[in-house]
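A.B. asks: Work the whole structure out from these sequences, hints included.
Those protein sequences? They're chains A and B, same order as listed.
The opening residue of the first sequence carries number 1 in the numbering used here; numbering runs sequentially from there.
The opening residue of the second sequence carries number 1001 in the numbering used here; numbering runs sequentially from there.
Among the hints, erroneous ones may be present.
Restraint-style ranges between C-beta atoms, simulated for each label pair [unchecked claim]:
id	chain 1	residue 1	chain 2	residue 2	range
1	B	Arg-1002	A	Leu-214	27 to 35 Å
2	B	Asp-1118	A	Lys-209	42 to 50 Å
3	B	Glu-1158	A	Gly-109	55 to 63 Å
4	B	Gln-1239	A	Ser-22	28 to 36 Å
5	B	Pro-1178	A	Arg-210	40 to 48 Å
6	B	Trp-1050	A	Gly-103	46 to 54 Å
7	A	Glu-223	B	Gly-1142	29 to 37 Å
Hint data in this document are derived by calculation from the structure and do not stem from the laboratory.
A quick note: this is a predicted structure, and the numbers were derived from the prediction, not measured.
Where a beta carbon is used, it is the ideal one built from N, C-alpha and C, also for glycine.
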Amino acid sequence: MTSDSALSYYGKPIVKEPVWKSEIPRYFFSGGLAGASATLSAAARAAGNDALARRALYVAATGVTVSPYLLIKDLGRPLRFYNMMRVFKVTSPMSVGTWIVAGEGTSTGIAAACELLDVLPRVRASARAFSGLLGPAMATYTGALVADSVVPAWHEARHELPLLFAGSSAAAAGGIAAALTPVAAARPARRLGLLGAITELVTYRVMEKRLGALVAEPYTKGEGGRYAKAAEAASLAGGALMLLAGRNRAGAIAAGALLAAGSWCTRFAVYHAGKASAADPRYTSIPQRARATERGQPAVTR
Amino acid sequence: MRPGDGQTTYGLQIQPRVGFFTDTSVCIGCKACEVACKEWNLVPEDGLVWTGNSYDNTGELSANSWRHVAFIEQERDDGFRWLMSSDVCKHCTHAGCLDVCPTGAITRTEFGTVVIQDDVCNGCGYCVTACPFGVISRREIGGDGGMHKCTLCYDRLEDGLEPACAKACPTKSIQFGPLDELLARAQGRLDDLHETGVADARLYGANENDGVGGMGSVFLLLDEPEVYGLPPDPVDPTQNLRTIWGAAAAAATLLAAGVAFAFAGAGE
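C.D. replies: Structure representation (C-alpha cells):
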C-alpha cells in the first residue's frame, strides 16, 4: 500500500479535527511568555537585578491575565469554566495545567500587585519565588497537553513538543524583557532570548526529521508550513539582531519584537499542523497500518 | 473479560460489563439504529445533506449522530457487493476521552460503559483530540456547546432494557449483552463464516491486548478496518503518558537551567 492509494472511507478523517480555535495557540504564546518571564523575574531578583526583575514580572502578570480569558473564551460552555477545579487528574494534562495556571496566575498576580504598590515585601518575595518555580511548568505543560492526543502530528512529536514550547517561551520572554529593560541591566534577557530562539529553531528541525516525511508533512506544508517558515525567519533574524545589536536599545526592541513574533508563529505552526494532521485520514491510517504490519497483523482484528 | 478502567470502584454495585456486537455481515443498511438512537436520546437533527457517498447521508459519528451506518459499494472480481456497517462508540477498556477529561464529566459506569455527564461538561474539547475513533464532538446546535456521544443508553440499562439501536435492529446485526457472551458469540459467528468460505471476515475490537485494552463494541467486518473508516491500530494516547510527562519535566528543567545560564558570567 502506498501513501497515495491508502484505504479510506471516502477520504473522510478517522480522528476528529480539534475543535480549539485560535484562542488556544494565542494562549500557548501568552502562557509560555508568562511562565518563562516569571522565572526570569525570580532569577533576576535573586541576582540583584531589580530593573530586569520588575519588568519581567509585569510581563508575566500581563501574560497570566490574558491567559485565563483566552482559555475560558474557547470553552463550549464558558460559564462552566470552574468545573475544571472540581478534580485533579494526572491522566489529563489539561487538569494538571488548570492547577498550574491557577497557581501561576495567583502568585504572579500577588507579586506584581505588591511590586506596583510597593507593599508587603515578604509576601512579594515569596509570591515571586513561587511563580518563578512554577514558571517552567507553565511554559511546558502545554506541549504535554497537545502531545497526549491522537492527532498524529502532535502525538508522534511527544518527545519534542515540550522542549519546543520551552524554547519558544524563553525566546519570547527573553526578547520582550530585553526590549523593555535598559541595556545595562538586560544582558540575561538577551542571552535567554537567544538561547530560546536557538532551542526553538533546532527542536523544530529535529522534530520534523524524526517524524518522517509523511507525519511531518503538516509541519512543512499548508498553513502549518507557512507559519513555520515565518517563525524560522523571525527567530533567525531576531536572534542575529539580538546578538549583533542587542546592546543598542533600538536594536534590542527590534530583536525582541522579532523573537516574540517567531515564538507566536511557532505556536500557530503547531496548531495548524495538528488540525491538518487530523483532517487527512492518511496521517492516521498509514503509520498505524505500517505499525500493525510490522507486528504481523492489526492487534484490533483477528 | 477484563472490566473497563475504573469499573471495579463500584464495589458491590458493579454490574457485568456490557457492550455491542455489530455483525456487519447481516446489516441491510436500513438505518433503524440511527433513527431509534435519535428518537430515544433526543439527539437533534444536524442538517439534511446529500453527501454523494453511496447511501450514507449521515457522514460520520458526532455529537449529533451516535450511530452511523457506513455504505460501501465494491466492484470486485467475483462481482458487486455492498458493505454496510453501523458504527458506534467503542466504550474502550482504556478510554482516551475519559483519561483526558479535565472536569471529570466523562465517567465509567457500573456497566463498564463510558458516559459524559452533560451537567458537568464545560465543552473544553480535549476528549475530541483523545478519541482514536473520532466518535466525540461538540454540539453547536441551540447554543449547547457541550460534548456528546453514545451513552450505550445508560438510562435504559438502569431499567434493565437493551439500548434503542439494538432493540430496533431488524436483522440482529446489532446485538447487546454481557461482553463475555458477545465475544463468544462473535467468535462463533466468525468461525461459521470462515467455514462457509467467507475468508475476508474478521473481528474488530475483540482483542484485549490492542491499544485501547479491548473495546466494549465489537465488530465483525468483511474488509480492512480503513475501508469502514476505522483505524487499523488505535491507541489510547494516555498509554504514552509517562513519556509525555517525562519529556515535559525534562523540558521544564532545561528551561530553568537556561534561565540560570542566562545569568552566568560577568555583567557588562
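A.B. asks: Hint by hint, note whether the structure agrees.
C.D. replies: Tested hints:
no. : hint                               : result
1   : B:Arg-1002 - A:Leu-214: 27 to 35 Å : holds, 34 Å
2   : B:Asp-1118 - A:Lys-209: 42 to 50 Å : holds, 44 Å
3   : B:Glu-1158 - A:Gly-109: 55 to 63 Å : violated, 46 Å
4   : B:Gln-1239 - A:Ser-22: 28 to 36 Å  : holds, 30 Å
5   : B:Pro-1178 - A:Arg-210: 40 to 48 Å : holds, 44 Å
6   : B:Trp-1050 - A:Gly-103: 46 to 54 Å : holds, 52 Å
7   : A:Glu-223 - B:Gly-1142: 29 to 37 Å : holds, 31 Å
The structure does not agree with numbered hint 3 stated previously, though it agrees with all others.
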